[in-house]
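Model the full assembly from the supplied sequences, consistent with the hints where possible.
Residue numbers (our numbering), protein chains in the order written: chain A, 82 to 464; chain B, 2 to 335.
These are computed hints drawn from the structure, not numbers from a lab. Mixed in with the good hints, there may be bad ones.
As the list claims (entries may be wrong) - Only pairs whose alpha carbons sit at most 25 Å apart, straight line, appear in this in silico DSS-like list of lysine-lysine:
hint	chain 1	residue 1	chain 2	residue 2
1	B	302	A	307
2	B	180	A	299
3	A	307	B	105
4	A	299	B	105
5	A	299	B	101
6	A	140	B	302
7	B	42	B	105
8	A	299	A	183
9	B	180	A	140
Unchecked claim - A short, non-exhaustive set of chain A residues, derived as facing chain B with CB atoms under 10 Å:
hint	residue
10	84
11	392
12	393
13	402
14	408
15	448
Cβ coordinates follow ideal geometry from the N, Cα and C atoms, glycine included.
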Amino acid sequence: MTKTAPVLDIDAILDDENTRIVVCCGSGGVGKTTTAAALGLRAAERGRSVVVLTVDPAKRLAQSMGLTELDNVPRRVKGVGSPDGSGNGSRGELHAMMLDMKRTFDEIIEAHADPERARQILTNPFYQSLSSSFSGTQEYMAMEKLGQLRRSGDWDLIIVDTPPSRSALDFLDAPERLGRFLDGRLIRVLMAPAKAGGRSAFKLLNAGFGIVAGALTKVLGAQVLKDIQMFVSALDAVFGGFRQRAEQTYKLLQAPGTAFVVVATPERDAIREASYFVERLAEERMPLAGLVINRLHRSPASALSAARSTAAAEDLEARGEHELAAAVLRLHAGRMQLAAREQREQEHFMSAHPTVPIAHVPAMAEDVHDLDGLREIGGLLAT
Amino acid sequence: MSSRDTDWDGVRLHVVTGKGGTGKTTVAAALALALAAGGRKVLLVEVEGRQGIAQVFDLPPLPYEERKIAVAPGGGDVYALAIDPEEAMLEYLEMFYGLKRMGKALTRMGVVDFATTIAPGLRDVLVTGKTSEAVRRRDRSGRRVYDAIVMDAPPTGRITRFLNVTQEVAGLARVGPVKNHADLVRGVVASPETAVHFVTLLEEMPVQETLDGVAELHAAGLPVGGVFINMVRPVGLPKPVLDAAVKNRFDHAELALGLKAAGLAGGPADASAIAQALAEEVLDHAHRTRLEKRERASLAKAGTPRYELPLLADGADLAGLYELAESIRAQGAA
Ligand SMILES: Nc1ncnc2c1ncn2[C@@H]1O[C@H](COP(=O)(O)OP(=O)(O)OP(=O)(O)O)[C@@H](O)[C@H]1O
Ligand SMILES: Nc1ncnc2c1ncn2[C@@H]1O[C@H](COP(=O)(O)OP(=O)(O)O)[C@@H](O)[C@H]1O
Ligand SMILES: [Mg+2]
Ligand SMILES: [Mg+2]
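Structural data, given as structure tokens:
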């Protein structure tokens with residue numbers, strides 16, 4: 082007996098005016114970006130005014146949505162909705178954008194610091210390294226951008242894709258990590274000499290500072306130390322704002338108008354990640370809509386089992402007859418085995434989380450990179 | 002020691018990159034086994050602190066220490082090292098400045114974490130520096146300690162920056178010890194003794210990333226190695242059948258006859274219904290095969306040697322690693 086799960090009713094979620102944010106998450110390569118884009122298109126064609134925030138779309142998918150440059154602002158997607166004459170008569174609109182994490186970071190600095198300080202920060206080599214390669218910056222900036230889009234009030238539905246990290250949990254953890262890093266004890270130690278006052282606590286910090294400064298100067302040189310200090314104190318002035326914003330966005334994710342859609346392929350690692358993520362959402366009291374199992378292999382001839390199919394192929398081969406049928410039967414047996422393996426992986430999830438609604442999307446023979454392909458995925462998600 | 006002719010004779014540092022999840026760690030492990038085969042000594046290093054090597058070899062987490070983890074076919078040893086940037090930093094402080102105790106204090110204060118996180122390129126130069134040291138290391142009699150080093154490297158999107166250390170630390174240090182260290186690393190990494198291999202799947206995104214990565218490495222003057230096409234599925238049907246399928250000329254009638262002959266169908270209507278359903282599978286397979294052919298053709302444009310590694314039905318367990326290693330040797334990649 083195969084297990085079954087409640088069905089994830091995608092259209093009910095997309096049509097519900099109270100749904101304001103949909104977050105697509107999951108481990109790398111499972112189809113988060115594709116799902117986010119397909120949901121956005123479907124929602125727009127069902128009448129909503131949607132913006133999709135993608136993080137790393139495949140080149141051709143990006144092109145099909147008109148995202149040819151990374152300019153960090155939403156652009157209207159042509160061929161969706163009626164005003165630009167696509168003729169399908171829907172009132173909805175689809176906008177899409179690609180996240181530029183460095184630019185988003187720069188903009189936060191510019192918004193929180195006076196021009197001179199902002200310039201100091203933006204040109205500092207340490208800032209440049211932090212804003213382009215700290216693991217977690219991308220997640221933080223995705224959150225930040227989500228907050229900005231929500232505050233603008235321009236869209237009635239925001240669909241967010243999440244960064245391509247190997248663990249789905251990174252999306253929730255990384256912003257906190259960046260915050261901790263920028264707020265850490267060491268940063269305060271480094272800043273100590275820059276701050277006035279002669280308290281005893283300061284002396285302690287200062288002693289620590291002496292050791293640190295000595296070692297860093299030895300290894301990196303005196304100029305580097307100055308750069309670090311300058312960076313840290315400049316950043317400190319804008320950091321309060323930072324943290325507050327991150328907290329606000331985190332709260333947004335807990336709001337009832339948010340729906341998390343967890344995406345996984347029917348493979349062990351991806352399913353395990355999805356399980357972790359579902360558990361974590363419950364801990365954080367973040368609203369889970371359900372799980373999308375993407376790239377599922379099914380057979381239109383599932384009544385013919387792998388075992389019977391293989392036996393029949395062997396029989397034909399032994400008799401030296403019907404080569405074509407024998408080869409097709411072998412192909413079918415392989416597919417049935419794959420389907421069975423995928424079913425088992427899914428069942429692990431279902432046993433652990435029997436109440437989580439699930440939607441299935443079959444593996445397409447080819448990659449998804451145009452609006453028609455997205456429309457098809459959207460349709461499959463909703464059935 | 003038998004001497005075989007391989008595509009990478011003379012290469013001592015094999016860097017393995019690729020899009021996330023394509024099988025970098027698996028292929029790096031198999032390559033290390035293949036290189037060690039026949040009595041050689043190979044070091045497999047990982048650099049991202051994820052204990053990927055321990056996972057593929059089914060071992061408890063590895064420390065920051067070189068230790069033997071596997072014996073290669075025909076006798077030969079694979080050693081492993083999980084490089085941790087913080088540990089590498091301490092080692093560096095101790096080696097160059099005799100700052101052992103202070104290093105510990107600095108770690109406690111979070112300085113080492115801070116510096117390796119925020120100083121542009123410092124983390125990378127420490128990790129590649131440790132690797133280069135192993136590449137160059139000689140024993141007392143002057144012989145190389147390792148015949149080859151295989152690195153399970155960061156993914157394609159970061160690989161050029163990761164290896165291009167001198168460029169990376171330029172913002173940090175124009176002179177001084179870090180700069181010297183970076184120059185030394187550059188000397189190893191950009192030499193003909195190094196090859197950067199790519200792992201890909203026959204899918205659009207990983208192939209595109211591979212081509213972009215190859216171009217980037219060339220532009221940075223870094224040595225491009227081979228392309229390992231991983232998880233290749235067996236070709237199920239003869240080409241004429243697949244061609245007919247995509248042209249909508251698949252022979253249903255012949256399939257139905259075969260199904261009946263095999264005793265799988267009740268009457269002609271039943272046979273035809275099953276044939277119809279199976280034909281859908283054939284068409285799907287034909288599309289997939291066509292896409293794979295297209296991706297192979299794209300990869301050929303990179304102009305580097307290509308190797309194909311099979312999709313292991315039972316996943317890449319330890320036995321699977323040896324199977325992949327054998328395949329790597331059979332194709333002359335090691
Ligand atoms: N040839 C193969 N046949 C079957 N399964 C494979 C094969 N190669 C790799 N795998 C499986 O694919 C998954 C990903 O492999 P691996 O961890 O080596 O990838 P990776 O590129 O190192 O991933 P990451 O980017 O997360 O470091 C693993 O579950 C592994 O067992
Ligand atoms: N159901 C599907 N069938 C076939 N290909 C798919 C499907 N879903 C996603 N893909 C392809 O898989 C690749 C990775 O998808 P993507 O959405 O970019 O994943 P992620 O954002 O999770 O990393 C893309 O090339 C995409 O076209
Ligand atoms: Mg993505
Ligand atoms: Mg890996």
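We went through each hint and held it up to the structure:
Proximity of residue 302 of chain B to residue 307 of chain A is assessed by CA-CA distance (about 48 Å); at most 25 Å being required, the pair is judged violated. This hinted pair checks out: residue 180 of chain B and residue 299 of chain A have alpha carbons roughly 13 Å apart, not beyond 25 Å. Only pairs whose Cα atoms come within 25 Å are accepted, and residue 307 of chain A paired with residue 105 of chain B is accepted, the gap being roughly 23 Å. At roughly 16 Å between alpha-carbon atoms, residue 299 of chain A and residue 105 of chain B fall within 25 Å of each other, so this suggested pair holds.
As the CA atoms of residue 299 of chain A and residue 101 of chain B are separated by approximately 14 Å, the hinted pair is consistent with the 25 Å bound. Taking the CA atoms of residue 140 of chain A and residue 302 of chain B, the gap is near 18 Å; set against the 25 Å cutoff, the hint holds. A threshold of 25 Å between alpha carbons decides the hint, and for residue 42 of chain B with residue 105 of chain B the separation of about 33 Å lies outside it, so the pair is violated. Taken as a hint, the residue 299 of chain A and residue 183 of chain A pair is broken in the structure, with Cα atoms around 31 Å apart against an allowance of 25 Å.
Taking the CA atoms of residue 180 of chain B and residue 140 of chain A, the gap is near 37 Å; set against the 25 Å cutoff, the hint is violated. Checking residue 84 of chain A against chain B by beta carbon gives a least distance of about 22 Å; that is not within 10 Å, so the hint is violated. Evaluation of the residue 392 of chain A hint against chain B yields a held restraint, the C-beta minimum of about 9 Å falling below 10 Å. With a cut of 10 Å, the hint placing residue 393 of chain A at the interface with chain B holds, because the nearest CB-to-CB distance is about 4 Å.
Evaluation of the residue 402 of chain A hint against chain B yields a held restraint, the C-beta minimum of about 6 Å falling below 10 Å. The criterion of a C-beta within 10 Å of any C-beta in chain B is met by residue 408 of chain A, whose closest approach is roughly 5 Å, and the hint holds. For residue 448 of chain A, the suggested interface contact is upheld, since its CB lies about 4 Å from the closest CB of chain B, less than 10 Å.
Hints 1, 7, 8, 9 and 10 from the earlier list are contradicted by this structure; the remaining hints agree with it.
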